[in-house]
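Participant: Here's the letter readout for the chains.
Number of protein chains: 2
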Amino acid sequence: MNNFVYDIQTKVYFGKDQLGNLAPELKKYGKKVLLTYGGGSIKKNGLYQRILDELNKGDFEVFELSGIDPNPRVSSVNQGAQICKKENIDVLLAVGGGSVIDCTKYIGAAAYYDGDAWDIMLKKVDVKKALPLFTVLTLSATGTEMNAAGVISNPETNDKIGLIFPPLRPKVSFLDPTLTYSVSKYQTACGSADILNHIFEVYFNMDDDLYMLDTVMEGLMKTVIKYAPIAYHDGNNYEARANLMWASSWAINGFVAAGKTHEWTCHPIEHELSAYYDITHGLGLAILAPKWLEYSLSDKTVSKYKQFGVNVFNIDESLDDMEIAKLAIEKTKKFLYEDLHLDSTLSDINIDDEKFEIMAKKACNNDKINGFVTLYPKDVVNILNMCK
Amino acid sequence: MNNFVYDIQTKVYFGKDQLGNLAPELKKYGKKVLLTYGGGSIKKNGLYQRILDELNKGDFEVFELSGIDPNPRVSSVNQGAQICKKENIDVLLAVGGGSVIDCTKYIGAAAYYDGDAWDIMLKKVDVKKALPLFTVLTLSATGTEMNAAGVISNPETNDKIGLIFPPLRPKVSFLDPTLTYSVSKYQTACGSADILNHIFEVYFNMDDDLYMLDTVMEGLMKTVIKYAPIAYHDGNNYEARANLMWASSWAINGFVAAGKTHEWTCHPIEHELSAYYDITHGLGLAILAPKWLEYSLSDKTVSKYKQFGVNVFNIDESLDDMEIAKLAIEKTKKFLYEDLHLDSTLSDINIDDEKFEIMAKKACNNDKINGFVTLYPKDVVNILNMCK
Chain V
1 MNNFVYDIQT KVYFGKDQLG NLAPELKKYG KKVLLTYGGG SIKKNGLYQR
51 ILDELNKGDF EVFELSGIDP NPRVSSVNQG AQICKKENID VLLAVGGGSV
101 IDCTKYIGAA AYYDGDAWDI MLKKVDVKKA LPLFTVLTLS ATGTEMNAAG
151 VISNPETNDK IGLIFPPLRP KVSFLDPTLT YSVSKYQTAC GSADILNHIF
201 EVYFNMDDDL YMLDTVMEGL MKTVIKYAPI AYHDGNNYEA RANLMWASSW
251 AINGFVAAGK THEWTCHPIE HELSAYYDIT HGLGLAILAP KWLEYSLSDK
301 TVSKYKQFGV NVFNIDESLD DMEIAKLAIE KTKKFLYEDL HLDSTLSDIN
351 IDDEKFEIMA KKACNNDKIN GFVTLYPKDV VNILNMCK
Chain W
1001 MNNFVYDIQT KVYFGKDQLG NLAPELKKYG KKVLLTYGGG SIKKNGLYQR
1051 ILDELNKGDF EVFELSGIDP NPRVSSVNQG AQICKKENID VLLAVGGGSV
1101 IDCTKYIGAA AYYDGDAWDI MLKKVDVKKA LPLFTVLTLS ATGTEMNAAG
1151 VISNPETNDK IGLIFPPLRP KVSFLDPTLT YSVSKYQTAC GSADILNHIF
1201 EVYFNMDDDL YMLDTVMEGL MKTVIKYAPI AYHDGNNYEA RANLMWASSW
1251 AINGFVAAGK THEWTCHPIE HELSAYYDIT HGLGLAILAP KWLEYSLSDK
1301 TVSKYKQFGV NVFNIDESLD DMEIAKLAIE KTKKFLYEDL HLDSTLSDIN
1351 IDDEKFEIMA KKACNNDKIN GFVTLYPKDV VNILNMCK
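If you're matching them up, the sequences are chains V and W in order. Note that the working numbering has the first sequence beginning at 1, numbered continuously upward. Note that the working numbering has the second sequence beginning at 1001, numbered continuously upward.
Next comes chain V alone, as it looks inside the complex:
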């Protein structure tokens, strides 16, 4: 069992109508605010105006960066950083889902760096400080609203890189489940697959870890499996949206991963799919994860699948271990492909095997993935072939 440091400082306002706290919190950090958002849906649904109304209550000078894309580009990071430098921005306010927030995290870091922001993703420079970040979340998925991680894409090189730097963790996040009412069925499904996978990546390991954290992860998985289909069918269900929203933060804010050292597996493979084909991250994970679980199942690992099957899906524990494991994978597939209606194969989304080799090598960083089970490029190709 490894030692760990627990240090999650994000303050969260959870629930309806909490934006009245925005201006008082924000002014602790300064007056010049850079407001960032995506394609403008927040203008249509009125959130943009609500935010501006709140900011007008304080003595803020507001600058804007809009048009941040899904799978956010390093070009947006550079653009935002330029505004921060030119206007001496004090604090960042990201309004959107994971892409907007991730992009804004690196804007806050790049504001203190004079070169190309991609240097940060290539680890040529460390991130020792970043501008303070506030978030108003509109999609339950990546958990970025409470963690220190972020993923940035570079379309020129087909790279998509995710890194963790402690200064990137948001200071204050507003989690209002009603802001996710308008999330489409498809994005609700993809977001839920993403949440579930964040837990899979940590839960599925053979380390000697804290049982307590396993029980928390099992609870989070049960929560996603129970409420994602409800939110899918009834987008305005507050209970479902609230449970998904808080579960998404806790799946990946660092709490359940405390003391864990093994690498993640599906995420680096999926990042290659997204980088080459610009697919939705959660969908890529939904296709990959069950095959990864099938590929990793062995006499050595079966005990973890049994624990998962019994505690998350209530499978009868008197059954044979291997039978429980296979049933648990089937139930996972049922959840993803039947309950959430997600595509189950790469051919469903028109991806063939042309780039399997190159993606596998990149996912393994030209070496291997030291995950739940160690995977070499040939293993990754095998898994991708299973996904065809």
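It should be emphasised that the hints constitute simulated quantities derived from the structure, not laboratory data. Just so we're clear, the structure is a prediction, and the values are computed from it rather than from any experiment. Incorrect hints may appear among the rest.
[Said to hold, decoys possible] Simulated coverage check for chain W against chain V, where a stretch passes if three residues somewhere in it have a Cβ under 8 Å from a Cβ of chain V:
1. 1227-1239
2. 1242-1256
[Said to hold, decoys possible] Result set (EDC-like, lysine to aspartate or glutamate): computed pairs, CA atoms no more than 20 Å apart in a straight line:
3. 226/V - 1214/W
4. 1171/W - 7/V
5. 11/V - 1007/W
6. 1226/W - 208/V
7. 304/V - 1239/W
8. 16/V - 1208/W
9. 128/V - 1025/W
10. 226/V - 1207/W
11. 1260/W - 17/V
12. 16/V - 1007/W
13. 1027/W - 7/V
14. 260/V - 1239/W
15. 1226/W - 214/V
16. 27/V - 1007/W
17. 1226/W - 207/V
18. 1129/W - 25/V
19. 226/V - 1317/W
[As the list claims (entries may be wrong)] Anything over 10 Å on all C-beta distances counts as not near chain W; from chain V, calculated:
20. 30
21. 44
22. 75
23. 88
24. 113
25. 119
26. 205
27. 337
28. 370
29. 381
30. 388
Virtual Cβ for every residue (Gly too), placed ideally from N, Cα, C.
Following the hints, complete the assembly by docking chain W onto the known chain V.
Facilitator: Frame of chain V, contents of chain W only:
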């Protein structure tokens, strides 16, 4: 479902040999340190010297307050506050269990108040600031190492009062499971009963709350029920001590109670027992809780007991709801009285019914307890009679 603010800022160093981080963290807060501890067991087991060795690595001026009792007295709070004022203490370092830490929390508050510290407990004055507090925990029980609460006794008035003030939350806590190896079987049992009860007080309610938090609480309860007997029999079992230690913090740091508004029930009743008879808090709770659960069981509340029985004790959910509820209470009793060998009645610890009426009135604050089910003084007397 209520809105809530999540704001848990305590940084935790968890694991063995983390004290090397003490001096670097401490010096962020100042040079003059008040070291507080209890009856001196930390001198016998070497912890005191290890702490001093670490403090000697920095340029600290160390003052001491020792002799803080279990069920800590307001006199100790006043004594500590006097030292803080006289010596201009910058930061507090509490080494011990819940009593030492609780006492030190109020020392930090009283350092900014010129009157008797008991005025704080009587809410005559608010706590708007407190000296920064570090803790080194030696007993898994109260969860005070990560929360903003503390309980202080006044033997002159037979009062024992627990209050919550945000400035009291520790800045940094060191949680080293090996420091609890020397905790006796009896104190291990009482501490575990305390942890379980903290979860009971939040879990047992009929509000429309976040399912996700229920699943986390069920996981924490399973953790305590699994590992307390192991720690009881094998005090040096790292896995058991580690799971109990982290579960104790999360049972009551505010996370699982987010959005809940109902009052606690067993704790105010037990505080009367402790105030009048100076018994160990966890033992009092262990005697009270099963009877409280029996007393509160009805057709209106049975669904919560069913959820508890099925998810925590794996009771067959096809059984009749009321049968599941009763089985769950029996399993709780088995855990407390057979697995942990705790006394099960007040007569076992020589408490008769002489003060039942007065204790019931005080527990209800001369009114009622708006808990899981509303209790009036006559109900509290009934529960106490069931405990005879």
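Participant: Please list, smallest to largest, the hint numbers that this structure does not respect.
Facilitator: none
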